[in-house]
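Asks: Line order of the protein sequences matches chains A and B.
Residues in the first sequence are numbered consecutively from 1, following our numbering.
Residues in the second sequence are numbered consecutively from 1, following our numbering.
FYI, nobody ran anything at the bench for these hints, they're computed from the structure.
The reader is advised that the hints may include incorrect statements.
Short derived list, chain A residues pointing at chain B, Cβ under 10 Å [unchecked claim]: (1) Lys167; (2) Ser171; (3) Arg172; (4) Met367; (5) Cys368.
Virtual Cβ for every residue (Gly too), placed ideally from N, Cα, C.
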Amino acid sequence: MRLLTTLLVSSCFVASAAAQSGSVAVKAAKIMRADGSVIEQGTLVIENGRITAIGGSDTEVPFDVLLNEYPTAVVFPGFFEAHSNSGMDRANENVPLAPFLNVKDSIDPVSFYFEDELRGGTVAIGVMPGNNTVIGGRGRVVAPSGMTIEQMTLSDDLGMKVAIGPKNGWSRSSQLAELREAVAKLNLDLRELGETLTYDGVVREDRKKAGVEDDDEAADGDMYDSAGGYIRFGDDFAGKELISEEDLDDTQRGMVDILNGDERLWVYAPSATDIMHAQTWLTAHGLLDNTVFVVRSSAHKAASLLAEMERPVVISGDLWHVQTNPITEIQTKTFAPLVLHEAGVKFAISSEEGRMGPDRLAYQAAMCMREGVPREAALAAVTTNPVDFWGLSDELGDFNLGADGTFVVFDREPLHAQAKVLEVYIRGDKVYDRKDDTRLQRLQEGTK
Amino acid sequence: MIFSSLLITTTALLAQQSSQWAVDTVHLGDGQTMHNVLITINDGKITAVTQNADADDAQSVANAHMTPGLIDAYSYMGVDGATLEESRESTASLKLSNSLRFDAPAFGYASSEGVTSAYISPASMNVIGGLGCMVKTHGGQVASLFGDAGAAARLISDSAALKVTLGGDPSMGNHTGSGKWTTSYTARRPNTRMGTVWVVRREFYRALEYVELRDQGQVAYNADLEVLAAALSGDIQVRVQAREAHDVETALRLQEEFGWPRMLIEEATNAHKIAEMVAREHVPIVTGPAFDSSSRSIARGPSAAELAYAAEPGQICCEDYHAPGEEHVNESGKLELSEFALSLLPAVAPRYEAAPGLARGRRSEGSGSTPALPALLADASVKFAMGSAESHDSPLTESSLIYQARRAVRWGLDKDIALSLITSVPAQLCGYGDSLGQIKTGFDADLVLWSGDPLDPTSLPLVVIVDGQVVADNR
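Okay, chain B solo, but in the shape it has when bound (with noise of 0.2 Å):
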């Protein structure tokens, strides 16, 4: 019984009256933008997109600007606490959408910053992590018994694709001790990149062998290795996270080795510095929140103030002593250094970070990333989209999808590229391209309303729009 009332709510939810938008500006997700245009939309599906019609009863915000809700192609919303079996270190046939919360914050703070759908990743403490899922981040059922129907996350695949994680993740915090302590339960491999590598072709070489025996009826079921089979096959997407170059080039090594068809690169925080591989292996790239608290960046090298003085070397002297511009001696507190001294100045200079973690990059990798690198994957014509990873989870508007393509932009992207990132590419990228990420006839009636140019910071989502209910108004 309740759980046919629970049916019937569903129902409810999804079969909406009709509505329509008359909107100055539309960013159609492809690219093309389209003005005066009226949108209609049936039962949650976008049914008309029109030019220069008229309709009475539309509704409409003047100067505002439409896209299709954002799509988050890389994210951990609702991922809390631990998802991950670390009992062993390829974990393929688990479902990360078994243990995610789907009234989780991530989800209410995603849709009000436009964000109407979302890849979420199981988490990258195992070699082989699972299967991510696939979410519309409203119109779901909330646990919570003091929530609003349907504000909670609704899924929409529960194996949209598997991750592997190379580079530091898996095996940081493992050990195998000495001794005695090599057999302790707390033992874990692997230890290293190489050892995290030897894990993925163990268990895909497994698969191999597995796929033959089955087909020859000699093994018994085994879901973990069903998954790898898949993945083989080009049924499921094989998502691997790698954030350093060269972890990077291991991922297209063990694509040439596998022939993965489906491979997904995830935030490749390095991977400018080889673009121009990526882009002739044609493997499409997911970035990371290339500038969260924890992954902002900076090139080394000696500082602005340090170039101009070694450009223009001024006298170093100490104010209790002497004026500035005042005639000195030695005896007065002067420091004459030679031009020799001058020239090492900007290496032996004390120097700190502007934040801990800025030159680090993302858990210690990436720690060459740069905030162009949309820019300049753009530039190498790499197919990407963007991702927010954790971001979501913390209400700062800093932190929005929306906003790491407006870093984007202002580092170089030009704005309907970096308005398609967020939109009809990663929604092709998560294998949605015919039904979400644009603006288009038959397509989810996933729609943001914007008080003005969406890549402009004064702007604020004004109505967003999820399979044809309005779930954020701030008009």
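With the rest of the complex left out, here is chain A (with noise of 0.2 Å):
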């Protein structure tokens, strides 16, 4: 078993380890990094899927690679989708404590959605099991391209989903009951197992003393060694040491996985009231470190708390939130990412549920910008800070050497109104070219 589990896990690293790497070169009238600085007449290489150079226009150019000249078209890192639950049939499981599930099961590589994305100049997405439930699964972080899941993929540690916010139908305080049970049941099940394991011990030791043969033990290793250490959290018990990953089931390898501190956790907690509940459950665990909070435009009354945590967030669903006085019903509208701004919070922007279509991730940056954030700063929600919260800074997000070759071609700066995607290159292969967009082209045409 754990065997199979090592081989599983290794072709996993390869599958993402081994995507398209390809050498193009590109020189542009501007090549626009993450953060908004220029490099006018910038020149971009890239190596086998890897940066190797960026510059002016006299940076050198190997003879082996190929030159893209662009003498009109801004240069951009593209956008970063932070956390998503589009592009699979459905976001969740009906069970509502779901740790053994993964998103690339479900994930369908020719979903339009991807498509979609990818025309808008979208490079990367988060794809995350749905907020409806306790605890969702694991995702992973797909680039909008290629015909099979492997292919997408960029990284398949993106961490597990915790809601805190009630999954549908239901009060928070099921929600926390259910969760404080599934920890509950889980230290109850460890404690009942370590009992076994050291009965069984005692047993197999008296009869090894007897000079009895036990048939069950395999020369690999079996369920009597020890795991030297394999549940790492919560109070000492009897015979803790001697419980092993092979002697617990998937739901109880997720919560001990969760519990061990080795996840990320995406803890959905839509508004304030989530936040703090959401604070309570993971500070008592000691998983505060590991979190990102989701939430939703009505946590901006939690943005002292988000900051004093310094955890990241992402911002999901719309961006205003629209409260009405209950007495007057005069309604008021607080743009929740300029709040969460002002107050320190390092945010990025989810748009799954936005209105607009593929570029939306663009839109919203611009909407940031119109409602008093600075420019920097609604950039860095869709390109850098979402790579961040990923755990993937060296490899994508912005144009650093050594960093993934991933660049979006754009007609002109990339958050203009009229700015169109061109080209998109993932890791120095072309995956899209405007050119090519039959659909785009029948849309712009009208289907007659």
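Join the two chains, each given in its own frame, into one complex according to the hints.
Replies: Below you can see the structure in the form of structure tokens.
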């Protein structure tokens, strides 16, 4: 079993590492970094999928690398969707406690969603299980390009979805009770298992002493072997050190991964109340440092709490929060990103429920600027911040040497109202060309 | 006493002091742009538009742009709950303004996004739905005890146009049952598109007969038929809602039959398919929200990934059995497809829509719609304006009229044309071409000051002025 797991893990690793890896160089009128700074007449060189040089027009381009010139275009790292439930047929399994699920098994590579994202200049998407859950399963970072999930995967280690905000039809009390019960039940199971393993071990020792051969003792280790501290959380109990991964079922293993602190947790806490409950639960289990908060616009009321926790925040859904005074019926609109920015919260924008089609991340960043968020912070919310939350800052999000050779060619500044995506490259390979986008052409010409 | 004080308040609101605005860039609304302009407002009207003039006390914001107040040519703002009398399928004389909620939040959302006037349409569940109205989004009397004075829509015409609906909406949900249920009070006609058209023809033929008898003094006054008669004579505009291309054709046929002098087609989601025909007939259009969540659409066909795969077949394989790039034999899990199977793949590969409702368009109609509709109509020289329908009901700025125009520009429409489609053209189409929709001497002082180019998504409406009064100030 352990051998098989190792094999699976290693094959996953190979799969994600062996994605596209082309070589290409571009000279463009402007190369715009993620922070909005611009290199006029810039050059970007990508070899074997990685950025090997960036600079002005005098930057040397190796003789064996294809050079593309865009005398009027702007080359930009592209947009990054921090957290999305799209691209899957359904975002959540019915069972509330499902740490064993993985979006890998649900992502549909030919979904129109990915095509639209690519067309709009989004180059990586953090696909997570939905929020209608208690523990939802694991997500991964994919590029919106490729016919198989392996081709799309940029990282298979995005983390686990935990929802503090109630599942559909549930109250907050049931949601939190389910979560507490899950942990309590795991602890109980582990204690029982520890006792059993301790007792079995004693029995076996006795049998050994009596000279009885054990048939079930395998050569490569078995359930009686000590796992050497597989369980690293909670109080000590009898037999704790004897428990290993193979002794547990999928749900238990997922829970142990969470409580051991091995998983990045995407904690869905839509409102200010939920954020408070999340803080209590996460702190009690020492998991706050692993947390990315997925909130909705009303969470601006917890801006100071979020700032105090210094944890990253993804704003999902509408950016505006509207509240109606129950007496006067007067409505007040609050622009959540501005409040979070002013409180010093590092945030990313998720456009999963946006209303505007493929280029909505660009629009939402523009919207942030319109409402007073500085340009740099607005751009970071759709580029470097999501990548940072994914733990992939070295590889994605900006034009750094050694990073993935991923970029988008726009015909003008990316946040401009009329900006068009001309070409998209992921790891040095061209994956989108507006000229070949037959569906877009059909939309532009109108189907007759 | 109360009534007279109300009158005084209204008069006070309209009689504004004069003000002057010095603006860097002014989009006049008719497609023209002027720079360094001084605009003078007196008593709710624009009294002077002067270039390169100086005024010491003029208000000014650096690099700002000014446009006329935007005009939403087709909207459902304030239309809440049951506004149609569904006991009959033709209710020509019913006035929407009698049930409109003038202090609905939608008007506030719209005015804060620069919309100063709007045509409000009756809903589409009746074949002949009644009379729509024209409003200013600010300056009316609020019903709420706590509302600010003037923070409600102000009615400027209660009989702006007669609504006729073609297509699926008037028959949606109707049934006649079978057996004894055919006489049930829940049974309602029409049930089909042809039934809908039949009701239109029946009513207008009744109106023709009524006019003849009325002129001979042989018939009693009939409010509904009076309205239809006014539509026949051109005193009232006929607005026909038609989304599918064949519904638009039906509208054109009906106009030919009854000679409605002033017909306008609403929504026309698929009109690009017959744009030349519409242009030839000189029938104006008001588009619906091409891009809100229920009407976003996407052309059908294999996805780009499938097309790419068909052009350059890769390997379909499973990571659990091997690593990509590794040599495979059949036993290891590799799926080898023949040329023939590959050619079939785009057709058989499972496909999900990007979002529910996306491909189905607006209420299952207009499945072939495209966000490029405004650009395509402009290319075909169709006269049209843009409307937002239900979009302003939501506080989201993604829904606003200016956003619709931005999207249209992004999909190929000329910028100056786009601005005229939400200012001067809707003013003309709604019958206010000589008082609304342009920055011009003598026109209503409905103005919007933008922080930058109004079609740039980073631009904010800084100041919104309705009838000379500042109703939103974000400076």
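Asks: Under the constraints set out in the numbered hints, which ones does this structure not fulfil?
Replies: Numbers 1, 2 and 3, in rising order.
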